[in-house]
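> Chain residues, written in single-letter form:
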Amino acid sequence: MKNIIEIKNLTKRYDSNFQLDISKLNIPSGRIIGLIGENGAGKTTLIKCLLNLVKVDKGSIKIFDKDIVSDEAIIKENIGIVLDGMFLPEVLTAKDVDSIMKDIYKSWDSSEFSRLVTDFQIPLNKKIKELSKGMRKKLEIASALSHNAKLLILDEATSGLDPVVRDEILDLLLKFVKDDEHSILLSTHITSELEYISDNIIFIDNGKIVLEDSRDNIMENYGLLKCDVDYLENIDKEDVIAYKKNKYDCHVLINNVSKIRRKYKDVIIDKITIQDLMVLMIKGERK
Amino acid sequence: MKGLIKKDILMAKSNLKVLMIIFIVFGLMSFSGNDNSNFAFIPSFLSIVIMMSTFSYDEFNKSNQFISTLPNGRKNYVLAKYISTLIVLLVSIFMTAILLIIFSLATNTMNFFEIINIIFGCIIGIIFVLCFFYPFIFKFGIEKSRIILFILAFGITGLGGILMKSNFSVTIPKALIDFFNNYYFAIFTVITLGLLFISYKISEAIYLKKEL
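Heads up: the protein sequence lines correspond to chains G and F, in order. Mind the numbering: the first sequence is residues 192 to 478 in this note's numbering, read in order. Mind the numbering: the second sequence is residues 144 to 355 in this note's numbering, read in order.
Chain G on its own, in the form it takes in the complex (with noise of 0.2 Å):
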């Protein structure tokens, strides 16, 4: 399987101090990839730097095979974007973003734009700014997959509807990716939408990836073990990832879980969630 983004030795530093420090990553096609971390943790940094928002310091970004700087024009004709917060001006219309795009992309699809608006019930002459929140984001999805990109690149896509909204929208980036061809990369906190659409999750945190893996791995190898406070000492170092004591149990971030489960017979050890995985990593304590 080809890889539809290539990152080396990439580094972008703030005056704030914060810096991305990506070594390597190579991002697979045909996969819907989930890009988890806390706020600030380098998230829209990255997004940023894949779209050449920002200059970065150090390294290179490959996509489709070609770089980012110098063939910028080309990629993004292939790249469908939604991003939190950023869109045409909301005193636009439905009718007017078709207009517009279909000079800024080549391979700009109107019926294909008609057809979702229709599906969205999005009205076409009504400005964007009289439009709901689900509206407004049913809207950008439209125009993010009507001119045949390869990549989509989501940040916060789903964010702040409600649940019947978010449903629709997870199955059509399901469909987005039914061949290899077509990939999304898809930064969000609702964690549970990557349980159930994810192939693979890259965990940023502190501008660093400190997990890279396929989300099938993680649910079968990571688990939450579950004992008392005072059990914890029982537990050797090399198989605590992280931990957090609570008023009466203690919560322990294991890996390779059928090993625990033959080492410690006592104990109850659950699945994992990703938003548990997240918060042990970033808030656990160290062994």
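What the hints contain is simulated information worked out from the structure, not anything from laboratory work. Warning: the hint list may mix true and false statements.
Claimed, not checked - The following label-pair restraints were derived from C-beta to C-beta distances: (1) G/Y439 with F/L351: 57 to 65 Å; (2) F/F328 with G/N208: 53 to 61 Å; (3) G/E411 with F/I152: 49 to 57 Å; (4) F/L351 with G/R306: 31 to 39 Å.
Said to hold, decoys possible - Straight-line alpha carbon distances no greater than 27 Å define the calculated DSS-like cross-link-like pairs of lysine-lysine that follow: (5) F/K352 with G/K199; (6) F/K149 with F/K218; (7) F/K218 with G/K249; (8) F/K344 with F/K287.
The C-beta atom is built at its ideal place from N, Cα and C for all residues, glycine as well.
Please arrange chain F on chain G, whose structure you already have, making use of the hints.
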């Protein structure tokens, strides 16, 4: 780029009602006062105010960032702003010219040459403002640029006042004045086009380097 010009024109069009009301009010005021030259400047000035508002909308909706994610978006954004401003300016000037001709025919206050002079002055004046102002907008954003323009306008007015009070005068050779009188159309056209090109290049260089 055509798409981005269309975007700006559509946004300007959404302010058309306000523009028309102001246009009519000032038209009537000038007509009743027999002072058409003042009226001529208002629509052209409004055209640039309307184009400034497109920058505000772009910043408010982070559309400038969104546009930079589109193919050639960042580069075309700058050129599209200059071209759409000139289009809006020319449309408003055209409307002004028609009304000036009607007024002058009705009131018999101006000849054709005077109308041409007024229109030319308006075009040059507005293009001078945009040449100066647009690089600031691309560098600092519309809000900060408005403050800068405000401070500069006060500064220039103050400086003018000081120079007038100090009886400052410059003696210009008669030959130069004659040359200017004979060729001012050509001189201003060349200077304006040159400034427009320089201003665009500065704005483009600023915006291509800018972190969004």
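> So, for every hint listed, does it hold in this structure?
Verification of the hints:
The beta-carbon spacing between G/Y439 and F/L351, approximately 59 Å, falls within the hinted interval of 57 to 65 Å. As the Cβ distance of F/F328 to G/N208 is approximately 57 Å, the hint placing it in 53 to 61 Å holds. With their beta carbons about 56 Å apart, G/E411 and F/I152 fall inside the hinted range of 49 to 57 Å. Distance hint check: the CB atoms of F/L351 and G/R306 are about 36 Å apart, consistent with the given range 31 to 39 Å.
Between F/K352 and G/K199 the alpha-carbon distance is near 22 Å, which keeps this suggested pair within the 27 Å criterion. With a CA separation close to 16 Å, the supplied pair F/K149 and F/K218 stays within the 27 Å bound. For a cut-off of 27 Å, the pair hint linking F/K218 to G/K249 stands: about 23 Å separates their Cα positions. Under the criterion of a C-alpha separation no larger than 27 Å, the hint pairing F/K344 with F/K287 is consistent with the structure, at around 21 Å.
When each numbered hint is compared with the structure, no violation occurs for any of them.
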